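Colleague: Next come the chains, spelled out residue by residue.
2 protein chains.
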Amino acid sequence: MTDIADDTPETAPARPEARSPRGFADRRGSDLIAERRIVARVSEVYERWGFEPLETGAFEYADALGKFLPDADRPNAGVFALQDDDDQWMALRYDLTAPLARFAAQTWETLPKPFRRYAFGPVWRNEKPGPGRFREFTQCDADTVGSDRPEADAEIIAMAVEGLAAAGLDDGQAVVRVSNRKLFDGLFEAGGITDAVQKLTALRAVDKFDRLGWEGTAALLGEGRLDDSGDYTKGARLPAALIGTIEAFLASVSTPDLTRAETLDAVARAGGLGATGEAALAELAAIDAALGAMKVGQDRVRFDPTIVRGLEYYTGAVFEAELLLDTVDDKGRAVRFGSIGGGGRYDDLVARFTGERTPATGFSFGVSRLASALRAAGAGGSADVRGPVVVIVFGQDDMAAYLDAVAELRRAGIAAELYLGRAGMKAQMKYADRRGSPAVVMLGGDELANGQVTIKDLDVGRALAAGVADNEAWKAARPGQVTVVRSELVQTLRSIIDASSII
Amino acid sequence: MTDIADDTPETAPARPEARSPRGFADRRGSDLIAERRIVARVSEVYERWGFEPLETGAFEYADALGKFLPDADRPNAGVFALQDDDDQWMALRYDLTAPLARFAAQTWETLPKPFRRYAFGPVWRNEKPGPGRFREFTQCDADTVGSDRPEADAEIIAMAVEGLAAAGLDDGQAVVRVSNRKLFDGLFEAGGITDAVQKLTALRAVDKFDRLGWEGTAALLGEGRLDDSGDYTKGARLPAALIGTIEAFLASVSTPDLTRAETLDAVARAGGLGATGEAALAELAAIDAALGAMKVGQDRVRFDPTIVRGLEYYTGAVFEAELLLDTVDDKGRAVRFGSIGGGGRYDDLVARFTGERTPATGFSFGVSRLASALRAAGAGGSADVRGPVVVIVFGQDDMAAYLDAVAELRRAGIAAELYLGRAGMKAQMKYADRRGSPAVVMLGGDELANGQVTIKDLDVGRALAAGVADNEAWKAARPGQVTVVRSELVQTLRSIIDASSII
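Chains P and R are the protein sequences, given in the same order.
If you count the first sequence from 1, position 34 lands on 34 in full-length UniProt numbering, and the numbers rise without skipping.
If you count the second sequence from 1, position 446 lands on 446 in full-length UniProt numbering, and the numbers rise without skipping.
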């Protein structure tokens with residue numbers, strides 16, 4: 001034994017730092033309520049269209065996910081993967097389509113067919129996080145598996161339109177653009193192009209038509225293009241004749257506001273589609289007929305042959321939902337919000353498991369992104385989510401009276417809470433303000449002695465502070481604070497809450 | 001070149017097997033809808049009580065989760081863990097309390113205090129899966145952080161009672177039992193017991209009082225016990241005097257149907273509680289007063305000093321919600337369903353991060369388990385979730401007429417779908433039956449020619465098949481199939497659907 005202190009000081013074990021892993025967000029309160037409202041409203045639409053909910057587990061075996069296989073030891077290619085007890089690699093799902101394909105393949109014999117399902121839930125991508133770029137986010141998908149009918153595509157498109165409207169996007173705020181992958185298959189076929197890389201390069205060029213115009217797209221379809229920053233992009237090196245055909249094809253849609261039928265006519269007139277392209281046109285014509293029968297307006301769904309969509313697994317119709325509003329970024333600059341969802345037909349995804357081609361079509365959107373779009377459109381925001389009424393605590397002795405009041409409010413359907421901290425009056429008022437409370441309820445000694453209650457209307461103070469109301473007029477109409485007999489508590493608060501929702 | 005076939009046959013790459021990892025379930029349709037209904041109803045209650053929603057990410061840093069730290073290379077101690085790009089270990093959350101403690105510590109300065117939040121979502125446990133035992137399941141929690149008042153515990157308890165009722169458990173079907181950890185702290189203190197292992201062993205013994213009775217419990221508090229299967233369990237080796245005090249303590253609650261106040265009196269009379277135990281009794285008395293002020297019945301919340309709860313982090317009041325029904329297992333044997341949720345006060349969890357004691361209290365339940373309890377109680381089941389009306393497809397030519405009908409039904413708020421497969425009439429009827437459809441809509445050539453529609457009531461067939469209805473009486477009241485003018489489609493279906501909900 002010695003009195004000399006040991007080198008290691010006898011302190012408590014080091015405290016962990018309170019932080020969450022990069023790319024994982026905490027979300028709370030009114031923002032979260034606004035997102036959940038979107039999911040609830042869209043789910044209600046999807047169920048009305050006969051789509052049943054499905055929830056699969058967070059993990060899938062890596063071979064079932066397919067696209068991103070982990071390296072031997074260090075799984076990092078886009079997914080969060082780990083080895084199970086039995087040494088099999090499993091990974092968190094990166095979308096809701098791959099788990100659906102696995103589920104459909106696994107249970108095909110027992111499913112009612114065609115199988116319509118919708119799903120929402122988190123997906124995970126092991127990518128570099130950044131501002132507004134998360135490694136976990138919520139997707140909402142609807143898919144029909146087992147129908148090769150163009151009407152199945154039309155149904156998905158029409159349902160997406162109704163879902164976006166239910167979420168809060170009005171007429172003219174969003175459009176779904178539709179095309180068919182096989183239009184380009186036909187153009188390539190007729191033009192003698194068979195090389196997969198060449199095709200993909202050409203599709204990427206077409207994908208930029210919107211931004212680059214024809215000249216830039218033509219360069220990328222041909223030899224290549226030097227952009228403004230000095231970067232050179234190698235082109236698809238298509239033959240000049242095919243580039244000419246594609247020019248006519250794209251010119252066919254350069255007139256704005258064509259109806260769906262007019263767009264199909266223009267594409268047909270441009271020609272060079274080959275048998276596959278003609279079949280694609282016939283599918284689009286059937287989709288148009290079905291949309292017409294369901295009374296889906298021309299302004300809600302347009303045909304746009306420049307839509308190609310990135311994912312390789314699409315095999316037919318492709319859709320992209322776009323926000324039509326010009327929005328501003330956080331520096332106040334006008335920006336196009338762009339895509340808020342998309343999908344298409346993918347007839348080969350279930351066959352990865354079963355070997356049998358199983359037609360499928362679906363639509364997907366990101367919930368947070370749609371919430372941002374709604375905020376940009378001035379709808380479905382979080383501002384209209386109100387906090388609870390707060391009952392003030394003056395002292396321990398009258399706790400029963402406070403609890404009685406708060407319970408009565410809840411029974412009347414009014415969100416209410418008792419302040420349960422130990423701070424004084426001023427801090428309690430500040431607390432109620434931060435909670436977004438419409439009002440506070442005060443049962444002080446005088447009120448209790450006289451069978452009364454005092455109610456303070458917090459929105460009056462907020463409105464005055466914000467300068468939205470004329471001081472005198474407001475004071476007359478809404479006194480800010482009233483003392484009433486205790487039995488009028490609920491009724492008085494109701495009128496304040498009803499008035500506050502008009503502000 | 002050779003004609004001899006190569007050893008490696010030229011086949012397609014091996015197809016992955018369609019299966020999900022062990023312990024991860026796919027859930028769909030009406031079961032899932034029933035679970036979501038629970039979450040929606042409970043959320044509505046919790047928001048009315050002033051609790052705001054919070055969603056944290058699936059991953060937390062392993063040191064923040066605390067309890068289960070991964071091994072150096074092979075993380076398997078209860079959690080799913082992996083190393084991030086920057087070599088830090090992170091793990092999927094195993095409950096919703098640890099992420100709340102991290103969030104509260106991280107954002108404490110900016111939170112309105114006390115901070116009330118509720119949360120629901122999946123949690124993951126890397127344990128051996130088994131029948132009914134999953135590695136992913138949904139929890140629903142509500143917690144108040146920053147209030148040391150017993151009224152905060154009472155509020156959580158009363159809210160849990162209202163949540164269970166909103167989910168569908170009627171009076172007398174569930175009870176919340178409440179105790180206080182510090183009662184035993186006081187007994188141990190007064191009895192001179194300081195060893196942590198000895199205390200834990202004694203608490204485990206008390207936890208078995210319900211099942212073993214006093215004799216078995218006394219053995220486990222003393223030297224040990226040989227059970228019926230011949231296994232010997234080492235006892236806590238408490239001194240005989242303390243065992244006697246605990247016997248009096250437990251006997252104080254052996255009278256059934258005591259009120260909460262009567263239970264506290266009985267415990268006080270048993271004595272031996274020391275200063276800490278007396279303080280615990282005072283806290284329970286304050287909880288009782290608050291429950292009384294909120295009019296929470298004696299049959300809904302009982303005090304039961306035998307409740308100890310397993311988790312080491314509880315520091316005061318502890319609660320356990322129990323289903324009161326005797327249920328039967330899948331072999332028809334009567335079983336006690338037992339606990340359907342629990343919680344308590346944990347004043348040290350946030351201090352792990354901040355070093356400052358931060359009082360907190362909460363309640364948690366597993367959503368699937370509550371759904372099972374509701375099924376056992378004959379409520380909130382999935383049987384009342386109906387499928388959509390199915391519109392039959394006779395041929396491609398009349399697609400527009402079918403789509404028009406299905407769109408009209410949805411606009412009227414009736415869940416409806418068009419059959420989009422390629423099968424014939426018989427398969428379509430079978431499909432509608434499997435979907436749980438109340439009715440099918442037929443627009444054949446005759447109907448279309450005459451401006452009519454035929455509607456087949458599928459519940460009539462189901463009722464006859466199940467023998468629940470007399471054939472003749474039913475045929476008179478519900479004809480099974482009617483042909484009406486097309487304009488009466490919605491109205492006719494509404495009356496069928498309304499009637500079917502009575503069956």
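It is worth saying that the hints were derived from the structure and are not from the lab.
Note that the structure is predicted; figures quoted are calculated from it, not measured.
Incorrect hints may have been included.
Any copy, or any two copies together, can satisfy a pair, since identical chains are not distinguished.
As the list claims (entries may be wrong) - Simulated pairs of lysine-lysine, DSS-like, Cα-Cα distance not exceeding 25 angstroms:
no.	residue 1	residue 2
1	Lys-113	Lys-426
2	Lys-426	Lys-331
3	Lys-456	Lys-430
4	Lys-456	Lys-128
5	Lys-199	Lys-234
6	Lys-456	Lys-208
7	Lys-113	Lys-430
8	Lys-113	Lys-456
9	Lys-430	Lys-128
10	Lys-331	Lys-113
11	Lys-331	Lys-430
12	Lys-426	Lys-456
13	Lys-208	Lys-234
14	Lys-208	Lys-426
15	Lys-234	Lys-456
Colleague: Hints first: check each against the structure and report whether it holds.
Modeller: Okay, the hints, checked on the actual structure:
{"no.": "1", "hint": "Lys-113 <-> Lys-426", "result": "between (63 angstroms within a copy, 13 angstroms between copies)"}
{"no.": "2", "hint": "Lys-426 <-> Lys-331", "result": "neither (37 angstroms within a copy, 62 angstroms between copies)"}
{"no.": "3", "hint": "Lys-456 <-> Lys-430", "result": "within (13 angstroms within a copy, 62 angstroms between copies)"}
{"no.": "4", "hint": "Lys-456 <-> Lys-128", "result": "neither (49 angstroms within a copy, 56 angstroms between copies)"}
{"no.": "5", "hint": "Lys-199 <-> Lys-234", "result": "within (13 angstroms within a copy, 74 angstroms between copies)"}
{"no.": "6", "hint": "Lys-456 <-> Lys-208", "result": "neither (58 angstroms within a copy, 52 angstroms between copies)"}
{"no.": "7", "hint": "Lys-113 <-> Lys-430", "result": "between (58 angstroms within a copy, 10 angstroms between copies)"}
{"no.": "8", "hint": "Lys-113 <-> Lys-456", "result": "between (59 angstroms within a copy, 20 angstroms between copies)"}
{"no.": "9", "hint": "Lys-430 <-> Lys-128", "result": "neither (39 angstroms within a copy, 49 angstroms between copies)"}
{"no.": "10", "hint": "Lys-331 <-> Lys-113", "result": "neither (51 angstroms within a copy, 33 angstroms between copies)"}
{"no.": "11", "hint": "Lys-331 <-> Lys-430", "result": "neither (31 angstroms within a copy, 59 angstroms between copies)"}
{"no.": "12", "hint": "Lys-426 <-> Lys-456", "result": "within (13 angstroms within a copy, 67 angstroms between copies)"}
{"no.": "13", "hint": "Lys-208 <-> Lys-234", "result": "within (14 angstroms within a copy, 74 angstroms between copies)"}
{"no.": "14", "hint": "Lys-208 <-> Lys-426", "result": "neither (58 angstroms within a copy, 49 angstroms between copies)"}
{"no.": "15", "hint": "Lys-234 <-> Lys-456", "result": "neither (68 angstroms within a copy, 62 angstroms between copies)"}
Hints 2, 4, 6, 9, 10, 11, 14, 15, counting from the list given before, are not met by this structure.
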